[in-house]
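Place chain F on chain S using the hints.
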Amino acid sequence: MSTKRLTRGIGVGAVAMLALAACGGNGDDGAGGGNGDGGSEDPIDIGISLPLTGDFAEPGKGVERGYETWAHVVNENGGLLGRQVELNILDDASDAARVVSDYESLIARDEVDLVFGPFSTRLVVPASRVANEYGMLFVEPAAAAAEVFENGFENIFYAAPAIAPDHYNHLVDHILAMPEDERPQTMAVAAMDDPFAQGTAYGLRDKLAEAGVQVVVDEVYPPNQTDFNAIAAQIADADPDLVVGGTQYQDAVNLILALQQLNYQPRMAAFSTAPTNPEFPEAVGGAVEGILSPTGYSNEADWPSNAEFVEAHTELHGEPPQEDEANAYTTGQVVAAAVEEVGCAEQGECQQQLIDYLRDATVDTVVGPLAWDEAGRPNGAHMLLQYIDGEIEIVLPEDTSTAELVYPKPEW
Amino acid sequence: MITGTLLFQSLILGVLLGGLYALLAAGLTLYFGIMRVVMLAHAAFIILAAYIAWRFSTATGLDPMISLVFTIPLFFGIGFAIQRWLISRLKPATMTMMSVLITFAIALIIEGLLGQVFTGTQRRINLPYGASSVDFFGAAIPVVQIISFVLAGLSLIALYLVLKKTRFGRALRATIQHREAAQLVGIDTNRTAGLGFGLGLATAAVGGTALSLQATIFPSLHWHWIGPLMAIIVVGGLGSVPGAAIAALLLGIIRVMLELWWTPTWAQTIFYLALFLTLMVRPQGFFGGRLAQRF
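First to last, the sequence lines map onto chains S and F. Our numbering puts the last residue of the first sequence at 392; the count rises by one with no breaks. Our numbering puts the last residue of the second sequence at 599; the count rises by one with no breaks.
This is chain S alone, in the form it adopts within the complex (with noise of 0.2 Å):
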């Protein structure tokens, strides 16, 4: 009996199993059949790797958020191409070698229909190449060091306004456009060892340097730097007009407190990615009055498709997405526009067609309209954020900006 039970059991598994890879023949058939009629009722396969877990997880799970959104929108709206779209997500534990095997899987085995970026320079990079092999269009959400876009590839577009060197182009603009009597004679320059942090201070730095503003402190620090007395020092005591710090989070909050310390007073203070923490006034005891900041992105602005998107996000996420979020969605949306214009959404030649055609498209996005170089950098820059009144205001440039900017700045 119990023989008998168990042969039938075996039996039922060994058909399921069969049925199970007759479907899986048919969704391949049908992929690569893609132009067919038959073909229109499969999902679009969308493979990205990202780091949930590990260095990177935080801004990896905004990453993951704001592709949720995306394929939300599309999906309501009645997807790709008639498909709806799958998101199929790998966590690379923040690691360059997983990566890459995440990428050759989900190309070679899975057969993915295209492929979004993970989050970081440092995976972006090993990642791209992976694409490029397999002539795979890549468009990425978070490298924005200027490395990223040296390698040669011509399949790799980065989903934002700027790479980091032209973060703070508006301001560059701006204190130049300055009467020369006012504007910051000398600049200090503090920078994390790190491609982005530094990237977005010595862009200014380099610009404003060229226009004769004197470099008094040049300083950079590891990223386990936590005492910062000793560069608080060195630029308070050089009293310098202009403030810059090539920083992440927590530098900046210890090298602000230490330069208030040292009752240092500049007449402006540009610090990268920090200022936009939520977190960060509380940290810095609200010591917050006229900093500057740039930023790729924010809720208010009033982009075609931006305030469907905070919508959309806050209603999915319980509140309002931020920048790495922003650039997610904003990838999605420049896949789906070439997508979309090209007709087609598989890998082969359909891919080289995407690529040539972003080549020379202009795409609106909750970022802004976008347009890329022949290495994939976006052409446009950074709008300027400013504390004033204890609010986050845009500043720079004029025609998006919500406030005036102010200068000198406030004492802190």
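These are computed hints drawn from the structure, not numbers from a lab. We put the beta carbon where it would ideally sit given N, CA and C, even for glycine. Heads up, a few of these hints could be off.
Quick list of simulated restraints, FRET-style, between CB atoms [what the hints assert, rightly or not]:
1) S:165 - F:364: 45 to 55 Å
2) F:413 - S:324: 46 to 56 Å
3) S:295 - F:430: 27 to 37 Å
4) F:570 - S:283: 39 to 49 Å
5) S:296 - F:362: 29 to 39 Å
6) F:312 - S:156: 34 to 44 Å
7) S:382 - F:581: 52 to 62 Å
8) S:161 - F:524: 40 to 50 Å
Just chain F, lined up with the frame of chain S:
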């Protein structure tokens, strides 16, 4: 470029930083003296104390230093427990090596728990006097640094008095100098070692609270501290509390002064340069250090 004011300012900041180093290193050298234990979790406990101070301050709105009222006894108890129920069970022959493994595990557990409970976000206590400073002959001395220096000074003086003037201190020093002989004259060396360990960990409570006043904290911060602290106690002579304090003060000053000429990245290497130099020239350490000769 480097003015007199800047030199003086840096010197002051170096002395203040060195004071904090001295307190943080004192406990570490004490464990080694008592038990030949390399206590890798010392810095993790420092960060734990800093987190408790931060949490206490954000939850109650009171000054983080008030948390010392309960963290000092708590850490003393934990130190006693660790010594009595973990470290003392190790075989004397493999004590030094095994203690590295055990305390490494404790450090990982503390780091993991802090990450689990408080996430990896960097925290800094928002103090009303956080940005204030006092003018001292043209140099600005941050109030938080004065407080942490005073805390360090008071703790080190207290530690010194306990070791030199009390009966327990004499028993502890006897245990450090010669365990068997101490037992022969009637000292309960096991209990004394446990209390000594508690004393060492209590300094971590004070050090962590002092640290929380002046820098951001995050769960993995202890890895950045344990290396320099280990170097300091070797330079000062393993097991010697005054040696550790002097070495800490000197290296703290040198580090801050070096940042004037070197980059901050290179200035951090002073601890390891001093470590190499000590091992080459005077392996038993520059101060005190009668103990290390026996290894």
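To see whether the hints hold, each was checked on the structure:
1. In this structure the supplied range 45 to 55 Å holds for residue 165 of chain S paired with residue 364 of chain F, their Cβ-Cβ distance being about 47 Å.
2. At roughly 53 Å, the beta-carbon separation of residue 413 of chain F and residue 324 of chain S lies within the given 46 to 56 Å, and the hint holds.
3. Take residue 295 of chain S and residue 430 of chain F: their Cβ atoms lie about 33 Å apart, and the range 27 to 37 Å holds.
4. Between residue 570 of chain F and residue 283 of chain S, the C-beta spacing of about 45 Å keeps the proposed range 39 to 49 Å intact.
5. The hinted window of 29 to 39 Å between residue 296 of chain S and residue 362 of chain F holds, with their beta carbons roughly 30 Å apart.
6. The given range of 34 to 44 Å is respected by residue 312 of chain F and residue 156 of chain S, whose C-beta atoms sit roughly 37 Å from each other.
7. Checked against the hint of 52 to 62 Å, the pair residue 382 of chain S and residue 581 of chain F passes, with Cβ atoms roughly 58 Å apart.
8. Between residue 161 of chain S and residue 524 of chain F the C-beta distance comes to about 48 Å, which sits within the given range of 40 to 50 Å.
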